[in-house]
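Chain residues, written in single-letter form:
Number of protein chains: 2
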Amino acid sequence: MAELPSSIRKVIESFERLPGVGPKSAARLAFYLLATPKSFVEEFAQTILTMKATIKKCRQCFGVAEAEVCDICSDPKRNQRQICIVERALDVIAFERAGGFGGVYHVLGGVINPLDHVGPEDLTIEALLNRVEKLRQLEGVIEVVIATNPTMEGEATALYIKDQLNRRFGELVGKVIKITRIGSGLPMGADVEYADQATLSRALEGRREL
Amino acid sequence: MAELPSSIRKVIESFERLPGVGPKSAARLAFYLLATPKSFVEEFAQTILTMKATIKKCRQCFGVAEAEVCDICSDPKRNQRQICIVERALDVIAFERAGGFGGVYHVLGGVINPLDHVGPEDLTIEALLNRVEKLRQLEGVIEVVIATNPTMEGEATALYIKDQLNRRFGELVGKVIKITRIGSGLPMGADVEYADQATLSRALEGRREL
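In order, the protein sequences belong to chains A and B.
According to the numbering used here, the stretch in the first sequence is residues 318 to 527, in order.
According to the numbering used here, the stretch in the second sequence is residues 318 to 527, in order.
Worth flagging that the hints you see were computed from the coordinates, not collected in a lab.
Just to be clear, a hint being listed does not mean it is correct.
One copy or two, either will do: identical chains are not told apart, so a pair holds if it fits within one copy or between any two.
As the list claims (entries may be wrong) - Calculated pairs, DSSO-like style, for lysine-lysine (alpha carbon to alpha carbon, straight line, at most 27 Å):
1) Lys492 <-> Lys394
2) Lys341 <-> Lys374
3) Lys327 <-> Lys479
4) Lys355 <-> Lys373
5) Lys479 <-> Lys451
For clarity, every value in this text was computed on a predicted model and none was experimentally measured.
With the sequences and hints as input, model every part of the structure.
Dropping the structure here:
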């Protein structure tokens, strides 16, 4: 069997390291770039490098930002006292696309996952507590909406954050500081017949009066 | 809805232009690169640019090459008189992975497809005819294995190539110049019950004595 030139093999290996790209897609992507005009490929590489050079983590919410503080955190129309906690910066985009949320975000940077050696100290939980502490010194109710994924790790992380808020703010929780969890149940357009048990139980638990 | 920083949007748009990458995967890839060490991203961009700078089209077969002529065409152990015609350079890799083919290749660069405005003159068919012409001046049988995909366009292109060979080499075809087409039928591991009609008809037509 003839070997691929090493420069192509390296590109395929690079693509394979990206999430959701298997060996076959990686090869297809590499050969696509080979057949594509040089100007597009150079632009492609350049946009990636530019992004990497210009995007920082927002100092307040750890989402993506072009300045020290991101557009959402610095928007005066946003309610700074309503903080939606998400796992990843990409989740912020998902909520923004859905629309309807007028508060701000807090990006954890992942979830607690002992198997992957991710502990609470690897996430931005301490920064969240300090953020709430600062808000508490001003008047008004604070709402912390925990929007980690409804997976085992996401649920455990949600409980851990609730615990930490309770430990730090004690009796303020439930009065000045409201902790909520995003709803879980059947996704829109789903079919009860095909839903798994855990989702159905959650849907029942989360039933609301019509 | 808050907008994404433009440098991220540009990366997402670049990824979306790649084959098989939809808007969601494109966003996931962009955010993956954002969260990844700068050194990896720089290496990623660099390997792509290096590939683009070092890889040429083989002068003989139009496959990928680091020199004027590719490793397969310049391999003295390969039978230069057995030419497997494929649509894309990636198809060469597929055949090489499968192993067992000791000849050389000819990459068409696509298939005849009027809807996409791809005519025979956009492919390397003329170069193929010249290649066969040169081989014909030496002693021995030439085999042209047409391995375009068994799609409508691939079949039409196969017939067109056969026609052109007939027109150019007349009565040599079938004697000195053998034209073959790769087998088509049920793929290994498939199930007759679930096969489509066209595949089943082809499998019957292509039956062989055991």
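query = Which of the listed hints are broken here?
reply = Violated hint (a single one): 3; every other hint is consistent with the structure.
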